[in-house]
Amino acid sequence: MHRALLLIVFWMGVVVVSHAQTIRIATFNVSMEASNYLPKNVQPSGHELFEHLASGKHQQIRNIAEIIQRVRPDIILLNEFDYTESEAKGVKAFINNYLAVSQEGIEPINYPYSYSAPVNTGVPSGVDLNHNGSGTDNGGDTFAFGLYPGQYGMVLLSRYPIESEQVRTFQHFLWKDMPNSLLNSVQAEDGTDWYSPQAKAVFRLSSKSHWDIPIRINGNVVHVLASHPTPPVFDGPENRNGKRNHDEIRFWVDYISGSAKADYIYDDQGAFGGISSEAFVILGDLNASAEEGDAYKDGIQALLSHDSINANMIPTSKGASLHTKNSVYAATHTAFWRMRADYVLPSTKLGEMTDSGVFWPIPQDPQYRLIQNRQASSDHRLVWIDVQLAAGHQ
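Going by my numbering, the residue at position 160 of the sequence shown is 160; the numbering climbs one at a time, nothing skipped.
Don't read these hints as lab results, they were simulated from the structure. Do not take every clue at face value.
Straight-line distance between alpha carbons at most 30 Å, and here's what the computed DSSO-like set of lysine-lysine pairs gives [as the list claims (entries may be wrong)]:
#1 Lys318 to Lys200
#2 Lys89 to Lys176
#3 Lys261 to Lys325
#4 Lys176 to Lys297
#5 Lys261 to Lys200
#6 Lys261 to Lys318
#7 Lys92 to Lys40
#8 Lys349 to Lys325
#9 Lys318 to Lys297
Please work from the sequences and hints to get the whole structure.
In structure tokens:
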């Protein structure tokens, strides 16, 4: 790896890594969900993405692969990548048929390790969540908006081994079990609770899922904390999505704050608690900005200002600054619709952040073809940071 500065010495059968190593970590909302490949108002079957992954020829997916090949992250979270139980049809097909194939002459890239798991989108709840008197609406009464289970899923790709047995998922954590959550403040216009007791008893916090994925990098263990909170819009005056977005982000604030704040959190295996002393990085499309947009800003502000987060270097691009010339925040935008939504937030214990950026070429750049509209790749941009890990042993 061209960013690795390593001197490896074999001593008494032990590999000693004597120099620090710089790794690149990224997040990218790739819009790789079935409805993206269909005309508007056409109901997706949920298989469209996997058909295109098998062909290796879909231009939009080829462009996404080319962007990843050009940036070359060591670890990358892909948001809005449809989930399937078959890795061969899903993540492995993307790796083998697109990433491992040169796009426009760019060097292929391989990720020998990956992680994906079920998400809450499109999963029927059995209760009335959208307050229309029915508990069977497709999309409206699912645990999170989705027209089929697995829509808008997540995938993590890594050049380094994933400690699979140590992965924690929080797909089934109930919103009502978060202390001082905003759930009970979601009210109809007449002042009554929006969600019935039956709904509160089953309603899950995560609109997709929250994952804690430990990755071993030359003796270091880095916890990748991945999520994709709901957009804080597409609701009504009750602002149920805005309040859920806030609490989905607050989940990580509590999770990284030690036992005093995280004792209430339980994972899908029944284990309680968060992390406090471990090195971590928070990845994902958080659908919130501390300065712009419709989110409850104190949620994302609490995360960005957390003592354990190194938020000193904000990824920027010249392309974004030109896209919205009248905004003082434009250079930090990560989405075509003009907001910072996507984050790579390393912990202070992870190491020194040495560089960062957003893949957003300016219109005069030949690579602009890769992002010129949503059909070219996605309405989001790939966001990356470089971190110099401390030396470790394995």
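- Which earlier hints can't be squared with this structure? 1, 2, 3, 6 and 8
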